[in-house]
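Visitor: With chain A fixed as given, assemble chains B and C onto it according to the hints.
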Amino acid sequence: MLFVVLAPLAFSVLALLDPLAARRPRALLAGGLTHLAGVGWLIVAAPSPALHGWLELDPLAKVVLPVISLLFAACSVYAQGYLARRRDRDNRLFVGGLLILLSAMTVVATSQHLGLSWVAIELTTLSTAPLIYFDKSARALEAAWKYLLVCSLGIALALLGTFFLALASASTGGPHSLLLSDLVRAGHMLSQAWVRAGFAFLLVGYGTKMGLAPLHSWKPDAYGEAPGILGALLSGGVTSLGFVSLARVVQVCSAAGEAAFARDALVAMGLFSMGLASVYVIGQRDFKRMLAYSSVEHMGILAFGLGLGGVATSSAMFHAVNNALTKGVLFLAAGNIHRSYGSKLVDEVRGAARRLPVSGSLFLAGFLAITGSPPFGPFFSEFSILNGALGAGRYAVGALYLIFLSVIFVGMGATVLKVVPGDPAGAPEVANTRDSLATAGPPLFLMALVLALGLHLPRGLKVLFDAAAARVGT
Amino acid sequence: MALSLFDLFLALLLAPLLLGVVNRVKSIFAGRRGPPLWQLYADLLRLWRKGVVYSHTTTWVFRAGPLVAVAALLTAALFLPFGGAPAALSFSGDFVLFAYLLGLARFATALAALDTGSSFEGMGAAREVTFASMAEPALFLCLVTLAKATGGLSLTAILGPALPEAWVRFAPALLLAAIALFVVTLAENSRIPVDDPNTHLELTMIHEVMVLDHSGPDFALIQYGTSLKLFLSGALFARVALGFCEREGLLRLALFLGGLAGFATLVGVVESTMARLRLSRVPQLLVGASVLSAFGLVLLLR
Amino acid sequence: MKAFAEMVFILVVVIDFSLLVSSRLKAVIRAAAAQGALLSVLPLLLSSERVEVGHVLALSLGALVVKGVVIPWLLTVAIREARIRREVEPIVGFIPSLILGAVGVALAFALSNGMPLPTPEKHDLLVPTALSTVWTGLLLVVSRRKAVSQVIGFLVLENGVFVFGLLLSDFMPTMVEAGVLLDLVAAVFVMGIVMFDINREFSSLDTEKLSAPKD
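Protein chains in written order, with my numbering: chain A, 1145 to 1618; chain B, 174 to 475; chain C, 49 to 263.
Extracted from the complex, chain A is given alone in its bound form (with noise of 0.2 Å):
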């Protein structure tokens, strides 16, 4: 397992090393392909845990290491095109970083220590504030500061909520450890206050991470201004990795018989991001910024499924994945349409599916599918959620969910049909920027998984993400 973890830090040392600028898409390229390898090997022949049992391929670690591996292969093989496009860049840091942030996002799936994963989430906002500033605007400048600054204080915060659930593990016959299964099994010995406490910071901490609203700040501004690339892997990763690390503190709060506190928090912030999120995508004129708060409404639904429990979260895991790769394709798209016109805004965007026909088609499908649509694999997840809610008697949740669902369609249909179809005559147009393979192909591909998981839910997952939310506790 360590494998996974050490492959991609090699290959962004020899990234960061190498003089040539040519060469070193190769070696994302590469360091992609390998960790993808990897991880199938994982997944097939099912390893102990390693370091002493810090590091396991639990059920959790099982839905979203192998998005994440997928997600990154898929960017990396857009970045060969990308970054020849973007000679006029230095694209060490660039290269260099992605890789590190690979190895981190590792680390966090698999960790079952609390102290290591937080170390691994600090290690991807720092890998990742450098890249946000690629395109050297001052707009991208205020963006990095801002999700630098944000994402460190909510780290800063998180750590105080680890803090606290150490504590909470040293009360007298408690087991003195941050490790998952350790903290599981001493249940109703963890010290309750505690507990409860550490459940508030980590919540808001990682909350941050995800984007959860209110702490929700950086996204519009990093996702906007970030390169597509990017924006794919954070909003496809990294807020996936935030939801992992909530729903593994929510096992322990379960354990210690805090789960009625926790799950409350977790769907009123889940119906608030949603709300929030309506209210700000309506009259988007940036379509990369509405991306941005369709990840605040995503990862809303993604806190509501977790704490509704039962049903919706196994629906929630299930959404996980969707969302993650539905977001690669959407960024990576945006990314495309983006650099052929050389804007962001609606006014000045228009007939994206003549001019790229595979991205702009590419970018309506993802629309749709993002915002359930069937019969993408997002409108099962969504509309098991919303079972779940019904089903638990919880009908004003469950309306509010789907007025906001609606809502949601509604206001990012407006700015994307204002992009796709039309005339691209007399809208600007920047050289050398059509479809290619290297930059239609990875977001064909993801479309494609997205729609499989939609026509047909092997068996095999089903299990698993019903697994993965048994582990989280009812």
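If you're looking for bench data, these hints aren't it; they were derived computationally from the structure. We put the beta carbon where it would ideally sit given N, CA and C, even for glycine. Some hints here could point you the wrong way.
From chain B, some residues computed to sit far from chain C (all C-beta separations above 12 Å) [as the list claims (entries may be wrong)]:
| id | residue |
| --- | --- |
| 1 | 176 |
| 2 | 211 |
| 3 | 236 |
| 4 | 264 |
| 5 | 273 |
| 6 | 313 |
| 7 | 468 |
Facing chain C, according to a computed beta carbon distance under 7 Å, are these residues of chain B, among others [stated by the list, open to error]:
| id | residue |
| --- | --- |
| 8 | 194 |
| 9 | 237 |
| 10 | 345 |
| 11 | 457 |
| 12 | 460 |
| 13 | 461 |
| 14 | 464 |
| 15 | 475 |
Guide: Only chains B and C this time, still in chain A's reference frame:
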């Protein structure tokens, strides 16, 4: 009782000497020899023998101002225990009366200033009263902290034998209260960094400008009142700061006088090394002092 | 030992107050450095017999160097590059910040009374001090306009978290504590680099001017 009266008499007599010590310290810092320690006595005598001039715009308020001020301060002196011995008068809650007697003295002076009808004096009065209203919460928080620490409700009980025990148990809280009390003392007595007693520029005067119109015996009363107020504040601070020592008899008196001298030196040092704060920064200083003493109180209540 | 530790905790809170009210950036940096230096002494004062002296000494020294020397030096270089000396009136004014800070401290003390501790005699004032410092840091980050002040606020917050972490020094592995320090350096370094670039884009380190993207 006799001891208390003796202490009181000594206090009233020595008040101008304290101001002399402050001025001497400042002169030493400035590299001069400075005026003799009993300079203020000579000034008071000189002023007393002079005639007095009253402006046509003033009324009886202007004449009454200095008298009421000194009377209030003398009454306040009755309640303050000097150096640990009981005060001449005391009852439960008299520290509130003490604070407000000092306030009454300031009020009378400010009224007299307003009575002159000059905008110059009015400006000084306005500034002085504003700063005083900000120093008041700080003063009360200090006194409440002391009351809570010693368990007493009158100045005699607070500053009496209970104080050394309180110092042993609650040293940090009392230290914070003492620091805040020092800042409040500087504010109430119009010393640097709140006000400059030596300046005569319109832009920078606060207390000085209030008393600009008084002359002769009235001015002598004002000067004496100022020195007495400094003495009373200094006595309070010295007792709180040195409260951890407990001696008897003549040694107690010597300790008290030594503490006062230390206080005067400290004031002189502060005045010589710091500049006056910008007027907009004075509220921050006073709120800071309030917060410090509030923190001391929180430490006590924990 | 206990009296010294108590004194250090109280000094830390007093420094918190001074950070909230001060507008001269050099004074703020110095105060934050003093706070960091004070905190580096705490592991030595609070260590129990169960932990080896070498580890505690290393932690103290590391904290002293990073918090007391390196980071303040970086910040001083930053303000020298940008040639700024004062914080302008913050979003929440100086006096309201001070009062809010005082209220936070009082709340921290009140709330800590209810929380059970494994070794209550040793760490009487620790939890309230830690929470007060975290609150102060949060106030600074949220209410200050200049980027340097926000970074200092973040550092103060990390100080508070560090103080809290000392509670675990008896039984938790080194990794968490080392991780905190390491990440702190890394975070400030990166922030510093960004700050220098921010500095070149705008001639004042004023983040209010950076409100260009708006919805």
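Visitor: Could you run down the list of hints and mark each one as holding or not?
Guide: Verification of the supplied hints:
Residue-level check passed: residue 176 of chain B sits 36 Å from the nearest beta carbon of chain C, beyond 12 Å. At the 12 Å boundary, the C-beta of residue 211 of chain B stays outside the reach of chain C, the nearest C-beta of that chain being 40 Å off. Non-interface call for residue 236 of chain B relative to chain C: holds, since the shortest CB-CB distance, roughly 39 Å, exceeds 12 Å. With 12 Å as the threshold on Cβ separation, the claim that residue 264 of chain B sits away from chain C holds: the shortest Cβ distance comes to roughly 31 Å.
At roughly 24 Å, the least C-beta separation between residue 273 of chain B and chain C is larger than 12 Å, which holds for a residue marked as non-interface. Taking the minimum C-beta to C-beta distance to chain C, about 15 Å, the non-interface status of residue 313 of chain B holds against the 12 Å cut. A Cβ of chain C approaches the Cβ of residue 468 of chain B within 12 Å, the least distance being about 6 Å, so the stated non-interface status is violated. Hint on residue 194 of chain B is violated. Least Cβ distance to chain C is approximately 30 Å, over the 7 Å limit.
The criterion of a C-beta within 7 Å of any C-beta in chain C is not met by residue 237 of chain B, whose closest approach is roughly 36 Å, and the hint is violated. Hint status for residue 345 of chain B: holds, given a least beta-carbon distance of 5 Å to chain C, under 7 Å. Interface hint status for residue 457 of chain B: upheld, as the beta-carbon distance to the closest one in chain C is roughly 5 Å, under 7 Å. Proximity of residue 460 of chain B to chain C holds as hinted, the smallest CB-CB distance being about 5 Å (cut-off 7 Å).
At a threshold of 7 Å, the smallest CB-CB gap from residue 461 of chain B to chain C is about 6 Å, leaving the interface hint in force. For residue 464 of chain B, the interface hint holds, since its Cβ comes within 7 Å of a Cβ in chain C; the closest pair sits about 4 Å apart. Interface hint at residue 475 of chain B: satisfied, since its Cβ lies 6 Å from the closest Cβ of chain C, which is below the 7 Å cut-off.
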